[in-house]
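So the chains spell out like this:
Protein chains: 2
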Amino acid sequence: MTRIPKINVGLFGLGTVGGSVFQILKDHEHFIAEKIGYPIQITKICELDPKKKQQYELASSILTNKISDILDDPEISIVVELIGDKPIAKEIMLKALSLGKHVVTANKAILAHHGLELYSEAFKHEVDIYFEAAVAGSIPILRTLREGFVSDKIISVQGIINGTSNYILTKMAKEKADFKVALADAQKNGYAEADPTSDIEGIDAACKLSILATMAYGVFIPYDKIYRQGISEITPFDIEMAQKFGFSLKLLAISRKTNQEIDVRVHPTMIPATHLLAHVYGVLNAVMIEGEYMGPSVMMGKGAGGKPTATAVASDIIEIARNISRQVRGIPPLGFKAENIQKAKIKPIEEIESEYYLRFTAVDKPGVFAKIAHVLGHHEISIASVHQEGREEGHEVPIMVLTHRAKEKNVICALKEIDKLPTVAQKTLLIRIERS
Amino acid sequence: MTRIPKINVGLFGLGTVGGSVFQILKDHEHFIAEKIGYPIQITKICELDPKKKQQYELASSILTNKISDILDDPEISIVVELIGDKPIAKEIMLKALSLGKHVVTANKAILAHHGLELYSEAFKHEVDIYFEAAVAGSIPILRTLREGFVSDKIISVQGIINGTSNYILTKMAKEKADFKVALADAQKNGYAEADPTSDIEGIDAACKLSILATMAYGVFIPYDKIYRQGISEITPFDIEMAQKFGFSLKLLAISRKTNQEIDVRVHPTMIPATHLLAHVYGVLNAVMIEGEYMGPSVMMGKGAGGKPTATAVASDIIEIARNISRQVRGIPPLGFKAENIQKAKIKPIEEIESEYYLRFTAVDKPGVFAKIAHVLGHHEISIASVHQEGREEGHEVPIMVLTHRAKEKNVICALKEIDKLPTVAQKTLLIRIERS
Chain W
3 MTRIPKINVG LFGLGTVGGS VFQILKDHEH FIAEKIGYPI QITKICELDP
53 KKKQQYELAS SILTNKISDI LDDPEISIVV ELIGDKPIAK EIMLKALSLG
103 KHVVTANKAI LAHHGLELYS EAFKHEVDIY FEAAVAGSIP ILRTLREGFV
153 SDKIISVQGI INGTSNYILT KMAKEKADFK VALADAQKNG YAEADPTSDI
203 EGIDAACKLS ILATMAYGVF IPYDKIYRQG ISEITPFDIE MAQKFGFSLK
253 LLAISRKTNQ EIDVRVHPTM IPATHLLAHV YGVLNAVMIE GEYMGPSVMM
303 GKGAGGKPTA TAVASDIIEI ARNISRQVRG IPPLGFKAEN IQKAKIKPIE
353 EIESEYYLRF TAVDKPGVFA KIAHVLGHHE ISIASVHQEG REEGHEVPIM
403 VLTHRAKEKN VICALKEIDK LPTVAQKTLL IRIERS
Chain B
3 MTRIPKINVG LFGLGTVGGS VFQILKDHEH FIAEKIGYPI QITKICELDP
53 KKKQQYELAS SILTNKISDI LDDPEISIVV ELIGDKPIAK EIMLKALSLG
103 KHVVTANKAI LAHHGLELYS EAFKHEVDIY FEAAVAGSIP ILRTLREGFV
153 SDKIISVQGI INGTSNYILT KMAKEKADFK VALADAQKNG YAEADPTSDI
203 EGIDAACKLS ILATMAYGVF IPYDKIYRQG ISEITPFDIE MAQKFGFSLK
253 LLAISRKTNQ EIDVRVHPTM IPATHLLAHV YGVLNAVMIE GEYMGPSVMM
303 GKGAGGKPTA TAVASDIIEI ARNISRQVRG IPPLGFKAEN IQKAKIKPIE
353 EIESEYYLRF TAVDKPGVFA KIAHVLGHHE ISIASVHQEG REEGHEVPIM
403 VLTHRAKEKN VICALKEIDK LPTVAQKTLL IRIERS
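First to last, the protein sequences are chains W and B.
When the first sequence is numbered by our numbering, its final residue is 438 and no position is left out of the sequence of numbers.
When the second sequence is numbered by our numbering, its final residue is 438 and no position is left out of the sequence of numbers.
Calculated directly from the structure, the hints in this document are not laboratory data.
Honestly, I wouldn't trust all of these hints.
Copies of the same chain are indistinguishable here, so a pair counts whether it falls within one copy or spans any two.
[Said to hold, decoys possible] Derived lysine-lysine pairs resembling DSSO-like cross-links, with alpha carbons at most 30 Å apart:
1) Lys176 / Lys246
2) Lys126 / Lys8
3) Lys126 / Lys28
4) Lys178 / Lys246
Make the full structure from the sequences, and use the hints.
Okay, structure coming up:
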């Protein structure tokens with residue numbers, strides 16, 4: 003066997019995650035070298051923000067403002083992209099792959115939108131692209147789908163993969179806090195951005211689900227095919243109701259394969275208190291995978307933060323380093339042979355069936371519920387239970403209905419009709435229920 | 003690249019797991035071939051029991067009674083050993099490795115006792131031995147330690163890794179059933195053997211912990227170095243007390259590294275209701291790993307059963323097949339370079355510190371508790387709270403004490419003294435408390 007030189011890594015982006023990647027590789031340098039037999043070193047870092055550079059003790063020779071200083075360096079075999087969702091990130095990755103460099107990234111947004119292009123480019127140039135850190139921080143769920151679960155056919159993927167929204171829902175549940183209060187608290191504690199749209203509207207979760215489902219089924223599932231409903235319309239009252247009915251309320255990312263169709267969606271979901279994801283609180287992330295032979299399996303851990311996320315990036319770097327040293331290609335990033343990747347057949351949300359929690363807001367007077375029930379019945383939606391909290395004749399009151407399993411398209415039609423009734427004061431809130 | 007022939011596997015043992023391995027490889031034959039690019043086939047099965055052979059539709063040419071029919075077949079590159087804890091299993095594995103064949107096994111007992119010999123033999127002959135199925139059935143925790151968590155230093159491993167005892171404790175907690183009643187129920191439902199010793203005395207869990215800790219720290223931790231306490235002395239009353247104090251009671255396998263010493267033990271443990279393992283009920287298995295950078299992470303799933311366990315065996319076979327096709331050795335079975343494996347420095351149980359739940363059984367008369375408290379104080383054990391259920395002057399009553407953090411050796415000395423007091427009627431029950 004030829005002698006193994008040290009593995010040189012070029013890093014783009016010295017933000018929270020990038021900084022921690024630099025730190026863990028330095029801190030654990032000897033430990034890693036002892037484990038795998040040779041050292042791994044970051045030899046160049048491209049970062050434009052002078053403030054970020056000052057946070058670490060860095061030799062000036064290691065720092066650069068020029069992309070080409072990394073991409074044109076023949077000694078660098080692994081490019082780590084931690085810039086975030088900017089077009090330049092995609093350009094850098096495509097260029098690195100075309101130059102025969104392996105890529106490690108945490109860029110969920112770019113993978114969710116342009117993954118197919120990147121995977122194809124990696125395949126074409128016989129290099130690898132790994133992205134464990136793009137989903138659920140420290141939890142090695144992608145590697146597990148690719149290797150640990152390789153022998154089994156995946157039936158479903160369900161995940162609590164956005165820590166911000168789970169923190170908000172936990173706070174709303176435990177303290178009966180309003181959504182806005184819980185959001186402000188999350189922002190104060192650094193768990194939510196100033197503009198929280200991506201987290202609370204399920205955009206971040208949908209990007210991650212795109213990657214998870216792509217890995218699970220070996221077909222590319224782009225972001226824009228994923229149905230989304232956020233949590234901003236949820237009230238503490240809905241959460242209390244959920245508990246009353248024996249459920250926990252979570253923003254769930256769900257993917258399920260039936261026949262050749264894949265159902266992918268992110269929405270607030272009521273799950274039974276016995277569900278394996280029911281007790282995942284706060285900023286924790288958890289993903290439940292169900293396989294034909296293995297049954298359900300859950301992985302849970304920190305979904306964000308520099309240090310936890312850096313462990314995933316560093317493990318990807320080590321995997322590639324091991325392959326370089328053995329002079330082989332890695333396992334294809336999706337587990338499936340790359341030339342087979344195709345676009346998926348997605349089941350439209352209208353085609354799914356589910357149980358539903360419906361919160362109607364109606365004027366409290368005799369006969370109002372009869373009208374709602376009539377419309378539901380007309381659309382073949384069968385009622386499992388009804389609950390009306392308080393009574394105030396002539397005022398708006400919430401009426402909660404749990405349905406039996408019904409067709410989503412029927413529910414959509416029924417709600418359109420119901421929301422037009424003169425006695426119905428607000429748009430009806432719909433929350434889907436998942437039993438297992 | 004040379005053309006890849008199909009991969010031939012020889013299987014020893016057609017019991018529950020062996021049968022399911024045969025089934026999954028047959029069921030998913032095309033699926034696996036599509037994923038990895040070539041087929042994997044079991045071409046010979048060695049099984050002595052004629053009844054087991056009849057359960058599957060097997061060509062007679064595939065079946066044999068002779069070990070040599072597999073070991074001497076040059077076409078077979080992977081040997082799967084699923085015989086169980088018998089000396090012949092070890093002999094078969096050593097022989098297979100020495101002949102340059104890769105080995106997949108689920109044999110926790112043999113690995114926990116003779117792992118070092120097997121790993122060394124694999125290293126010597128440049129072949130691989132994988133054993134994902136030996137710990138926690140369908141949960142790919144070993145692969146995760148080896149690859150997903152490769153970049154991080156592991157601080158602790160905690161697991162509920164014996165489904166039988168967790169089923170029994172769950173039943174005792176939910177139905178206030180006595181240990182014997184819960185055990186009989188587990189036996190009736192096929193979750194416990196006729197002789198349940200290995201499960202209820204923590205032997206099975208200690209074998210698995212030996213493997214987990216060996217993987218986590220890269221040093222061989224043999225079974226006989228692991229402290230064990232079983233669950234047969236636990237009463238529903240202790241579980242109720244635990245709940246009263248805010249704890250869940252679990253049979254936990256624990257390993258922790260401090261400085262260069264490793265603490266490894268299996269015992270009933272009280273963990274806070276907020277602990278990530280507190281809600282793992284029934285026959286489920288779960289392992290929590292804490293890393294320096296990544297924080298705590300949990301994997302949970304089915305720990306036993308033919309089908310779930312078979313997915314782990316099959317994934318190991320596929321990993322080896324992928325390596326054969328790429329003409330490389332796999333990642334060393336322990337993640338660490340095999341030549342570095344040494345015996346570990348184990349911290350004796352007397353050296354640990356913990357909080358304790360102590361259930362004294364004393365004759366209820368004035369001054370009895372004062373004597374117990376005096377002995378505890380004398381040994382520097384500080385009391386956090388005391389609880390006495392009921393009062394019956396002159397009769398034996400249980401007195402429960404929660405201690406602050408204390409040295410185990412002091413606790414052992416104190417209990418020796420206390421159990422000799424004339425007013426103390428039974429051996430005191432000790433349960434350790436783990437906070438995180």
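Verification of the supplied hints:
In this assembly of identical chains, the alpha carbons of Lys176 and Lys246 lie at most 30 Å apart whether taken from the same copy (14 Å) or from different copies (21 Å). Proximity of Lys126 and Lys8 under a CA criterion of 30 Å is satisfied in both settings, with 26 Å inside one chain copy and 25 Å between copies. In this assembly of identical chains, the alpha carbons of Lys126 and Lys28 never lie at most 30 Å apart, being 33 Å within a copy and 32 Å across copies at closest. For the identical chains of this complex, Lys178 and Lys246 are neighbours both inside a copy (14 Å) and across copies (25 Å), given an alpha-carbon limit of 30 Å.
Of the numbered hints given earlier, the model fails hint 3 alone.
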